[in-house]
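**Student:** The lines below spell out each chain.
2 protein chains.
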Amino acid sequence: MTELNTIQEFLETLASKAPVPGGGGASALAGAIGAALGGMVTNLTIGKKRYADVEEEMTDWREQLESLRREFVRLAKADEEVFAPLAACYSLPYGTEEEKKTKDRLMEENLLAASLVPISIMEKSMEALEILEELCEKGSRMAVSDVGVGVQLIRAALLGAVMNVYINTKSMKDRKKADELNTYADQMVEKGSCLADAIYHKVRQGLKA
Amino acid sequence: MTELNTIQEFLETLASKAPVPGGGGASALAGAIGAALGGMVTNLTIGKKRYADVEEEMTDWREQLESLRREFVRLAKADEEVFAPLAACYSLPYGTEEEKKTKDRLMEENLLAASLVPISIMEKSMEALEILEELCEKGSRMAVSDVGVGVQLIRAALLGAVMNVYINTKSMKDRKKADELNTYADQMVEKGSCLADAIYHKVRQGLKA
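Those protein sequence lines, which keep their order, are chains H and Z. Counting from 5, one number per residue, gives the positions in the first sequence under our numbering. Counting from 5, one number per residue, gives the positions in the second sequence under our numbering.
Some hints here could point you the wrong way.
The list makes no distinction among identical chains, and a pair is therefore deemed to hold if it is satisfied within one copy or across any two copies.
To be verified - List time: in silico BS3-like cross-link candidates among lysine-lysine, alpha-carbon distance up to 30 angstroms: (1) Lys53 to Lys81; (2) Lys195 to Lys212; (3) Lys177 to Lys52; (4) Lys21 to Lys177; (5) Lys104 to Lys206; (6) Lys195 to Lys104; (7) Lys105 to Lys142; (8) Lys195 to Lys206; (9) Lys180 to Lys21; (10) Lys181 to Lys195; (11) Lys181 to Lys105; (12) Lys212 to Lys81; (13) Lys81 to Lys21; (14) Lys104 to Lys142; (15) Lys212 to Lys104; (16) Lys81 to Lys177; (17) Lys206 to Lys180; (18) Lys107 to Lys180; (19) Lys195 to Lys105; (20) Lys21 to Lys53; (21) Lys180 to Lys53; (22) Lys206 to Lys177.
Keep in mind that the hints were calculated from the coordinates and are not lab data.
Produce the complete structure using the sequences and hints provided.
**Tutor:** Encoded structure:
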């Protein structure tokens, strides 16, 4: 996926059996949509007299959300780039000792690279959630429902990306490294989904009141 | 949003203070991405000897998911189309009895139309979840993580769209109709998030085992 793909192209290639984009790219795009919704909330707050006292913070969050959005798009592309060398690895010969050693080493390197991209998507999702928590408190009341939608998209990015951590760490021979990555990812899932649910609950209560 | 927008255009307009797209369009796009991921799972299953016994069902689900994807894109567009007349309503005069009557009637009609689009997004999300539940059981094991990501995207579509039901029903004068829509939406949220969480949990356990 690149920013210049049309939505139709992206959806059609995603739905096809083409190797990329897959769940990793979809998770990153969910993150980008969530960050864009956060950005919209800052833009609907900045310049309004009623919110003048939070204007400076709001401007910082807008910048951070723009940078996160770009990062998510970059990570969608990175997720495609780490896939090809990993897929190519599977067809390497595995006969002689030398071949075995080479294939094992390359597999391990590529599995690690393919795990680190979704880990980054998760880290960016955690950053985005923390900003959305602030926007839920301090953003324009007119846009509070968009904070709620944004939180759901970022939650999907986080819980989508962890799937791609698991499928890659699962095949790693270095079990210590694999467990370390899984534990780190699980901690983000736990903390992040709690935070997302709390923000969403607050928005929903406010809207229904 | 149309299918022919580039991802960059969509994200930039979403992040801006332009009135559309907003949370409704973002929810619908999340649904389209989720349906596309489901479609990918069917395409990775169809034609494989190991899954020959589910080929017919798989082909049906592929068609249904394609149709859902198109519906979600159509609903993203519909969500923009119902916004303009609603926004225009707010600036109608409200002086004479006649003006009050006209404005009240138009507001009510437009609020209802703006509630029914996210209700449709939710209904389509429920349909998509039921297919993803089947894919979790019967789809290719190679693509099970993509079922997990798809479920998160559809869950985001469902829980994102309900925000736009609430903001519109909130201003409706016909409280009976408003409560009816809210209750229907709440039932979908409850049933859909339980189902999504159950499917996701199953996928996650399978991947970590």
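**Student:** With reference to the structure, classify each hint as holding or not holding.
**Tutor:** Hints and how they fare:
| no. | hint | result |
| --- | --- | --- |
| 1 | Lys53 to Lys81 | neither (40 angstroms within a copy, 32 angstroms between copies) |
| 2 | Lys195 to Lys212 | both (26 angstroms within a copy, 19 angstroms between copies) |
| 3 | Lys177 to Lys52 | between (56 angstroms within a copy, 29 angstroms between copies) |
| 4 | Lys21 to Lys177 | within (28 angstroms within a copy, 49 angstroms between copies) |
| 5 | Lys104 to Lys206 | neither (55 angstroms within a copy, 34 angstroms between copies) |
| 6 | Lys195 to Lys104 | neither (40 angstroms within a copy, 50 angstroms between copies) |
| 7 | Lys105 to Lys142 | neither (56 angstroms within a copy, 36 angstroms between copies) |
| 8 | Lys195 to Lys206 | both (17 angstroms within a copy, 20 angstroms between copies) |
| 9 | Lys180 to Lys21 | neither (33 angstroms within a copy, 47 angstroms between copies) |
| 10 | Lys181 to Lys195 | within (21 angstroms within a copy, 38 angstroms between copies) |
| 11 | Lys181 to Lys105 | within (19 angstroms within a copy, 69 angstroms between copies) |
| 12 | Lys212 to Lys81 | between (39 angstroms within a copy, 26 angstroms between copies) |
| 13 | Lys81 to Lys21 | both (18 angstroms within a copy, 27 angstroms between copies) |
| 14 | Lys104 to Lys142 | neither (57 angstroms within a copy, 34 angstroms between copies) |
| 15 | Lys212 to Lys104 | between (61 angstroms within a copy, 26 angstroms between copies) |
| 16 | Lys81 to Lys177 | within (26 angstroms within a copy, 48 angstroms between copies) |
| 17 | Lys206 to Lys180 | between (39 angstroms within a copy, 25 angstroms between copies) |
| 18 | Lys107 to Lys180 | within (20 angstroms within a copy, 67 angstroms between copies) |
| 19 | Lys195 to Lys105 | neither (39 angstroms within a copy, 51 angstroms between copies) |
| 20 | Lys21 to Lys53 | between (52 angstroms within a copy, 16 angstroms between copies) |
| 21 | Lys180 to Lys53 | neither (54 angstroms within a copy, 36 angstroms between copies) |
| 22 | Lys206 to Lys177 | between (44 angstroms within a copy, 25 angstroms between copies) |
Checked against the numbered hints given earlier, the structure breaks hints 1, 5, 6, 7, 9, 14, 19 and 21 and satisfies all the rest.
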